[in-house]
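Line order of the protein sequences matches chains A and B. Note that the numbering used here gives residue 81 to position 81 of the first sequence, counting from 1, and the numbers run on in steps of one. Count along the second sequence starting at 1, add 206, and that's the number in the numbering used here.
Since the hints were made in silico from the structure, they are not lab data. Beta carbons: idealized from backbone N, C-alpha and C, even for Gly. Warning: the hint list may mix true and false statements.
[Said to hold, decoys possible] Where chain A lies over chain B, by a calculated footprint (3+ residues, C-beta under 8 Å):
no., region
1, 216-230
2, 234-241
3, 253-261
[To be verified] If you anchor each label on the Cβ, the simulated ranges turn out as follows:
no., chain 1, residue 1, chain 2, residue 2, range
4, A, A24, B, D226, 24 to 32 Å
5, A, S80, B, S237, 56 to 64 Å
6, B, Q274, A, R77, 42 to 50 Å
7, B, S237, A, R75, 46 to 54 Å
8, B, Q274, A, R75, 17 to 25 Å
9, B, T209, A, R27, 51 to 59 Å
[To be verified] If you want the footprint, here are the derived chain A segments under chain B, 3+ residues with CB under 8 Å:
no., region
10, 47-58
11, 65-75
12, 92-101
13, 141-153
14, 180-187
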Amino acid sequence: MANDEAGRVSRFRPREEDRLAIEACQRGEREAFDVLVERYQRDVYRLCYRYVNNHHDASDLAQDVFLKAYRAIGRFRGDSAFPTWLYRIAVNTCLNFRASRHRPSEELKDDVVDAGPRVDDRMEDDELSQQVREAVSRLPEKQRATLILKVYNDLTHEEVAAILGSTVGTVKANLFHALGNLRKAMAGTAPAGRRLAPDAKKTGES
Amino acid sequence: MWTHLSDDVLMDMVEGAAGDKAERHVAACASCRARVDEARTALGWTAAATVPEPIPSYWDVMRRRVAQSLVEAPAAWSRRPLWAAAAAAAAGAALIAVVVIGPGKAPVPPRATPAASLPAWSPLPPNDEDPALPILELVVAPTVAAATPAAFCSDVSECVGGLSDEESGELADALRAQLAAGRTL
């Protein structure tokens, strides 16, 4: 099944195509998994990219996510939507990867300090994009996961809570903390009051 | 007493989903208003953090890579019938029972002198005199017979030893369930 125009899955509504593909996989029809890969590979790749900030690792991680999903799909019972289940695998895979590659000191604490001199307003958008990505990647784990899933994967608070094994209230609070920390981390670099149009620079993301 | 809004309600404010009461509070509270404004500013920045889009042909490459990885590492659950995993689980439970419960119930012959050096784990050679085997057979045989006429897993040691990581996980779950239920032989 093709993704929508933006190449993403906007909500986790039950999909007949997913169910049929999953059941075929569970019968041992390996080719059926390709339907799920085609449908979700962009979302999984982008989620992974948010964690590692480079194409090479994101690509490897996304492949690993699908391999793990395939190996476990025999136990998928549909208690949650397939993408919820898949995203949970993706988040765990990314967290394990980061745990093996990064030191905790690289992460921002809850109370980050303003950093560095402010650059002028001529800063290119791609520079700002890189800085925001890096700031996001340095947020504490739960805040980062919450922000990525909610803001970039366009999930509802309920869906994020299901993926992270949390509550809706906690998800909202973590998202608010994440935005506060992002604001502090970017205070020294982003132009004052700069507000980019939410959809102006997106390339197929929510 | 003046109480500021909780963070989850402030997030509702950022998203425009808070109720009238919260909005009235924010309108009157400079501290909460400042926090909401900061969060909205940060939310605006997040839109700038786009992920570079791979070239269009990349997605086909990725699908092929995934498909190839599935061929090289097929799903553990598809390699063996379910009854075999159940039999393996039962066999594993019997092994645990022998180790944990069994010493007082079954005669154990004197141990042979161990080899000078053994690796941390290695498959043991078949030993027809192993006292655990009759117990394993008692557990496994009915399961196998009930599941299929084909003796796929007649050799318990082969069945257990050949488990994948996935099946080992299932085996561990089954063992925990049986031990939690107080099952004994």
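Here is how each hint holds up against the structure:
1. 216-230: It holds, with 4 qualifying residues against the three required.
2. 234-241: Our answer is that it is violated, as 1 residues pass the Cβ test (under 8 Å) against chain A, missing three.
3. 253-261: Satisfied; 8 residues make the cut.
4. A:A24 to B:D226: 24 to 32 Å: violated, 51 Å
5. A:S80 to B:S237: 56 to 64 Å: Because 39 Å falls outside the window, the suggested range is violated.
6. B:Q274 to A:R77: 42 to 50 Å: At roughly 28 Å between Cβ atoms, R77 of chain A and Q274 of chain B fall outside 42 to 50 Å, so the hint is violated.
7. B:S237 to A:R75: 46 to 54 Å: Check passed, 49 Å falls within 46 to 54 Å.
8. B:Q274 to A:R75: 17 to 25 Å: holds, 23 Å
9. B:T209 to A:R27: 51 to 59 Å: The hint (51 to 59 Å, Cβ to Cβ) holds, given that T209 of chain B and R27 of chain A are roughly 57 Å apart.
10. 47-58: holds (count 3)
11. 65-75: holds (count 8)
12. 92-101: It is violated, with 0 qualifying residues against the three required.
13. 141-153: The restraint on the region 141-153 of chain A holds, since 3 of its residues have a Cβ under 8 Å from chain B and three suffice.
14. 180-187: That given contact holds, which follows from 4 residues of the region 180-187 of chain A lying within Cβ reach (below 8 Å) of chain B.
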